[in-house]
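**Student:** Those protein sequence lines, which keep their order, are chains A and B. Per the working numbering, the first sequence runs over residues 88 to 334. Per the working numbering, the second sequence runs over residues 95 to 364.
Mixed in with the good hints, there may be bad ones.
[Said to hold, decoys possible] Chain B regions said to be covered by chain A (calculated; three or more residues, Cβ under 8 Å): (1) 249-261; (2) 296-309.
[Unchecked claim] Under the rule of at most 27 Å between Cα atoms (straight-line distance), these lysine-lysine pairs were calculated in the BS3-like manner: (3) B:Lys357 x B:Lys309; (4) A:Lys278 x A:Lys208; (5) A:Lys306 x A:Lys294; (6) B:Lys356 x B:Lys306; (7) A:Lys160 x A:Lys143; (8) A:Lys154 x A:Lys94; (9) A:Lys208 x B:Lys306; (10) A:Lys154 x A:Lys143; (11) B:Lys306 x B:Lys357; (12) A:Lys276 x A:Lys94; (13) A:Lys96 x A:Lys143; (14) B:Lys174 x A:Lys160; (15) A:Lys265 x A:Lys203; (16) A:Lys160 x A:Lys96; (17) B:Lys309 x A:Lys203; (18) B:Lys309 x A:Lys222; (19) B:Lys306 x A:Lys203; (20) A:Lys222 x A:Lys278; (21) A:Lys208 x A:Lys294; (22) A:Lys158 x A:Lys94; (23) A:Lys208 x A:Lys222; (24) A:Lys94 x A:Lys143; (25) A:Lys143 x A:Lys306; (26) B:Lys171 x A:Lys143; (27) A:Lys208 x B:Lys309; (28) A:Lys294 x A:Lys154; (29) A:Lys143 x B:Lys174; (30) A:Lys265 x A:Lys276; (31) A:Lys222 x B:Lys171; (32) B:Lys356 x A:Lys160; (33) A:Lys158 x B:Lys174; (34) A:Lys154 x A:Lys96; (35) A:Lys158 x B:Lys309; (36) A:Lys294 x A:Lys94; (37) A:Lys265 x A:Lys96; (38) B:Lys306 x A:Lys222.
The set of hints was computed from the structure by calculation and includes no laboratory data. Backbone N, C-alpha and C fix where the C-beta goes; we use that ideal spot for every residue, glycine too.
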Amino acid sequence: MQSPIIKAKNIRFGYEGRNILDGAALEIYQGDFMAIIGPNGSGKSTLMKICTGLLKPMQGSIELFGKDINKFKEWGRIGYIPQKATSFNQGFPATVEEVVKANLYSRVGLMGRINKQHVEKVHEVLDLVGMLDYKDRLVGRLSGGQQQRVFIAKALVSSPEILFMDEPTTGIDANSEKDFYALMDDLNKEKNITVVMVTHDVGAVSKNVTRVICLSRGKAHEHGCGVGEPNLNELYGHEVAPLIHNH
Amino acid sequence: MEMLQYDFMQRAFVAGILISIICPVIGTFVVLRRLSMIGDTLSHASLAGIAAGMLGNFYPIWGAILFSVAAAVGIEKLRKSFPQYAELSISIVLSASIGLAVLMISLADSFNADLMSFLFGSIIAVTSRDIVIMAGISIFIIISVILLYKELLYIAFDEEGAALAGMPTEGLNIFFTVLTALTIVAAMRVVGILMISSMLVIPVATSMQISKSFKSTMLNSVAFGMLAVVAGLIASYYLNLAPGGAIVVFSVIILLVVIASKKYTLKRAA
Numbered sequence: 088m089q090s091p092i093i094k095a096k097n098i099r100f101g102y103e104g105r106n107i108l109d110g111a112a113l114e115i116y117q118g119d120f121m122a123i124i125g126p127n128g129s130g131k132s133t134l135m136k137i138c139t140g141l142l143k144p145m146q147g148s149i150e151l152f153g154k155d156i157n158k159f160k161e162w163g164r165i166g167y168i169p170q171k172a173t174s175f176n177q178g179f180p181a182t183v184e185e186v187v188k189a190n191l192y193s194r195v196g197l198m199g200r201i202n203k204q205h206v207e208k209v210h211e212v213l214d215l216v217g218m219l220d221y222k223d224r225l226v227g228r229l230s231g232g233q234q235q236r237v238f239i240a241k242a243l244v245s246s247p248e249i250l251f252m253d254e255p256t257t258g259i260d261a262n263s264e265k266d267f268y269a270l271m272d273d274l275n276k277e278k279n280i281t282v283v284m285v286t287h288d289v290g291a292v293s294k295n296v297t298r299v300i301c302l303s304r305g306k307a308h309e310h311g312c313g314v315g316e317p318n319l320n321e322l323y324g325h326e327v328a329p330l331i332h333n334h
Numbered sequence: 095m096e097m098l099q100y101d102f103m104q105r106a107f108v109a110g111i112l113i114s115i116i117c118p119v120i121g122t123f124v125v126l127r128r129l130s131m132i133g134d135t136l137s138h139a140s141l142a143g144i145a146a147g148m149l150g151n152f153y154p155i156w157g158a159i160l161f162s163v164a165a166a167v168g169i170e171k172l173r174k175s176f177p178q179y180a181e182l183s184i185s186i187v188l189s190a191s192i193g194l195a196v197l198m199i200s201l202a203d204s205f206n207a208d209l210m211s212f213l214f215g216s217i218i219a220v221t222s223r224d225i226v227i228m229a230g231i232s233i234f235i236i237i238s239v240i241l242l243y244k245e246l247l248y249i250a251f252d253e254e255g256a257a258l259a260g261m262p263t264e265g266l267n268i269f270f271t272v273l274t275a276l277t278i279v280a281a282m283r284v285v286g287i288l289m290i291s292s293m294l295v296i297p298v299a300t301s302m303q304i305s306k307s308f309k310s311t312m313l314n315s316v317a318f319g320m321l322a323v324v325a326g327l328i329a330s331y332y333l334n335l336a337p338g339g340a341i342v343v344f345s346v347i348i349l350l351v352v353i354a355s356k357k358y359t360l361k362r363a364a
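With the hints as constraints, model all of the structure from the sequences given.
**Tutor:** What follows is the structure in structure tokens.
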């Protein structure tokens, strides 16, 4: 049986005495296209940040590619696009190419020099997301959808095997959202990149992803298997659109 | 040029050129990280160091280096105690530095011409020893920025992303703040403690009006800084003005001219 590339066990995390995650567990397998859903404050973003090492859990263990997170060094294998990726300082005077180049750190290391091959890689990922023609444009002058593509390219430049995204479709228009899911599908199926995203967009999730994890009351529940499946209306506290799985 | 026949003016120009490179280079990161207040804080820490030098009867620049670097490390350490209020650590160190400086100046009874030259800048006060130290500091800063360019850019743009990429952001933040402290020490002889902050900020603000990339922002800010320093030193020689004030006034004039030209160009294009 395939072993998980990310394994989080018995995760506990809270603020000011209130546990947001209380014994949550998550296993992510190579090739998954996973959505993490749940009401506001259920700990979706927190769980993602814990899995990427940006937050330390109060209790529990995380393994990344078979290694304990505290011993893990190959951060280039993990891509992460935060919730507020596109709410950066819009006046920051960096071009699209400069922003993507910045993430070459995981390939070249501290004080490492960027060579011609690295620049070609930057152009390759910009081409993949359809932003190569914009490489010399200031990133703050692009639309929300274009900026999101730049951040995807920035994550991809380190050749990650898994891509974490926190509410990636927030603030982008319907067309950009459609393009986004097409790109994710391509990355997942053609480039074999595992995709994990936190979202509220239950409708879009049902059409695109292969696994759904619902977070509620501090725990993670796999949705869609039919056995012990939590009731979405109960999780959210109000009526939500049912998930229809075609996969 | 007649004024360059004088040794003190040659030294002032060498010092000025060095300042006009390192201040905007470091200032680019300072401004884009929204840490503009850090210049004032570290320059006041330098003042406390200078007063300590006068009190302890040792070369004041050593005191300035020691105090400003200590303040730089203090700011970074305090930042952790107030994670949601990064600017609070700067304000606390600023208050402590002013308090300490005033205390030591009064203890050393050193409110004299020498101290005034540190406060407002002086072109005649720059010694050969100052030039050697400034050159050493400037070379160290320029090499550090060249080697850590992509790291500093990444942290300025997205510190969380830089940390996720495995970058030692905490160590780099402390190192960058120390570089800022050294920049201030190098610049204070000519520009003056009270006006250093403007040399970190104004050329960068001017450059941001017209630049189309991060690299060009940095290079253009150096050009604007150099223009202001050269104009300021010439004015200060012929009109017997404090060089710091003249340099800052020219920086502001250049900024206003660039803003006005940009507005005019945009208006014509519309």
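**Student:** Each hint should be assessed against the structure and marked as holding or not.
**Tutor:** Here is what the structure says about each hint:
Under the rule that three or more residues need a Cβ within less than 8 Å of chain A, the assignment of the segment 249-261 of chain B holds, with 11 such residues. For a cut-off of 8 Å, the count of residues in the segment 296-309 of chain B with a CB near a CB of chain A stands at 6, and the three-residue condition holds. Between B:Lys357 and B:Lys309, the direct Cα distance comes to roughly 23 Å. Compliance with the 27 Å bound is thereby established for this hinted pair. Distance hint between A:Lys278 and A:Lys208 is fulfilled; the C-alpha atoms sit about 15 Å from each other, no more than 27 Å.
Using a Cα cut-off of 27 Å, the hinted pair A:Lys306 and A:Lys294 holds, with the two alpha carbons roughly 24 Å apart. A C-alpha spacing of about 14 Å is found between B:Lys356 and B:Lys306, which places the hinted pair at or below 27 Å, so the restraint holds. For the proposed pair A:Lys160 and A:Lys143, the alpha carbon gap of about 16 Å is at most 27 Å, so the pair holds. Restraint check: the Cα-Cα separation between A:Lys154 and A:Lys94 comes to about 10 Å, which is no more than 27 Å; the hinted pair holds.
A C-alpha spacing of about 22 Å is found between A:Lys208 and B:Lys306, which places the hinted pair at or below 27 Å, so the restraint holds. Between A:Lys154 and A:Lys143 the alpha-carbon distance is near 16 Å, which keeps this suggested pair within the 27 Å criterion. Annotation: proposed proximity of B:Lys306 to B:Lys357 holds, straight-line Cα distance about 16 Å (limit 27 Å). Proximity of A:Lys276 to A:Lys94 is assessed by CA-CA distance (about 22 Å); at most 27 Å being required, the pair is judged to hold.
Restraint check: the Cα-Cα separation between A:Lys96 and A:Lys143 comes to about 13 Å, which is no more than 27 Å; the hinted pair holds. Pair hint B:Lys174 plus A:Lys160 holds up; C-alpha atoms about 24 Å apart against a cutoff of 27 Å. The suggested pairing of A:Lys265 with A:Lys203 is violated, with an alpha-carbon distance near 34 Å, which exceeds 27 Å. Note on A:Lys160 and A:Lys96: the hinted pairing holds, with a Cα-Cα distance of about 20 Å set against a maximum of 27 Å.
Restraint check for B:Lys309 and A:Lys203: the C-alpha separation of about 18 Å stays at or below 27 Å, so the hint holds. About 14 Å separates the Cα atoms of B:Lys309 and A:Lys222, which keeps this hinted pair within 27 Å; it holds. Restraint check for B:Lys306 and A:Lys203: the C-alpha separation of about 22 Å stays at or below 27 Å, so the hint holds. As the CA atoms of A:Lys222 and A:Lys278 are separated by approximately 22 Å, the hinted pair is consistent with the 27 Å bound.
Between A:Lys208 and A:Lys294 the alpha-carbon distance is near 31 Å, which puts this suggested pair outside the 27 Å criterion. About 14 Å separates the Cα atoms of A:Lys158 and A:Lys94, which keeps this hinted pair within 27 Å; it holds. For the suggested pair A:Lys208 and A:Lys222, the alpha carbons sit about 13 Å apart, so the restraint of at most 27 Å is met. A hinted pair counts as satisfied when its Cα atoms are at most 27 Å apart, and A:Lys94 with A:Lys143 qualifies at roughly 15 Å.
With a C-alpha separation of about 17 Å, the suggested pair A:Lys143 and A:Lys306 falls inside the 27 Å cut-off, and the hint holds. Between the alpha carbons of B:Lys171 and A:Lys143 the distance comes to roughly 20 Å, so the proposed pair stays at or under 27 Å and holds. Restraint check: the Cα-Cα separation between A:Lys208 and B:Lys309 comes to about 20 Å, which is no more than 27 Å; the hinted pair holds. Proposed proximity of A:Lys294 and A:Lys154 is contradicted: the alpha carbons are some 33 Å apart, above 27 Å.
For the hint linking A:Lys143 to B:Lys174, the alpha-carbon distance of about 16 Å falls within 27 Å, and the restraint holds. A threshold of 27 Å between alpha carbons decides the hint, and for A:Lys265 with A:Lys276 the separation of about 16 Å falls inside it, so the pair holds. Straight-line distance between C-alpha atoms of A:Lys222 and B:Lys171 comes to about 38 Å, which puts the hinted pair past the 27 Å bound. For a cut-off of 27 Å, the pair hint linking B:Lys356 to A:Lys160 is broken: about 47 Å separates their Cα positions.
At most 27 Å may separate the alpha-carbon atoms for a hinted pair to count; A:Lys158 and B:Lys174 meet this at roughly 24 Å. Restraint check for A:Lys154 and A:Lys96: satisfied, since their Cα atoms lie roughly 13 Å apart, inside the 27 Å limit. Under the criterion of a C-alpha separation no larger than 27 Å, the hint pairing A:Lys158 with B:Lys309 is inconsistent with the structure, at around 36 Å. The hinted pair formed by A:Lys294 and A:Lys94 meets the criterion: a straight-line CA distance of about 26 Å does not exceed 27 Å.
Restraint check for A:Lys265 and A:Lys96: not satisfied, since their Cα atoms lie roughly 34 Å apart, outside the 27 Å limit. At most 27 Å may separate the alpha-carbon atoms for a hinted pair to count; B:Lys306 and A:Lys222 meet this at roughly 12 Å.
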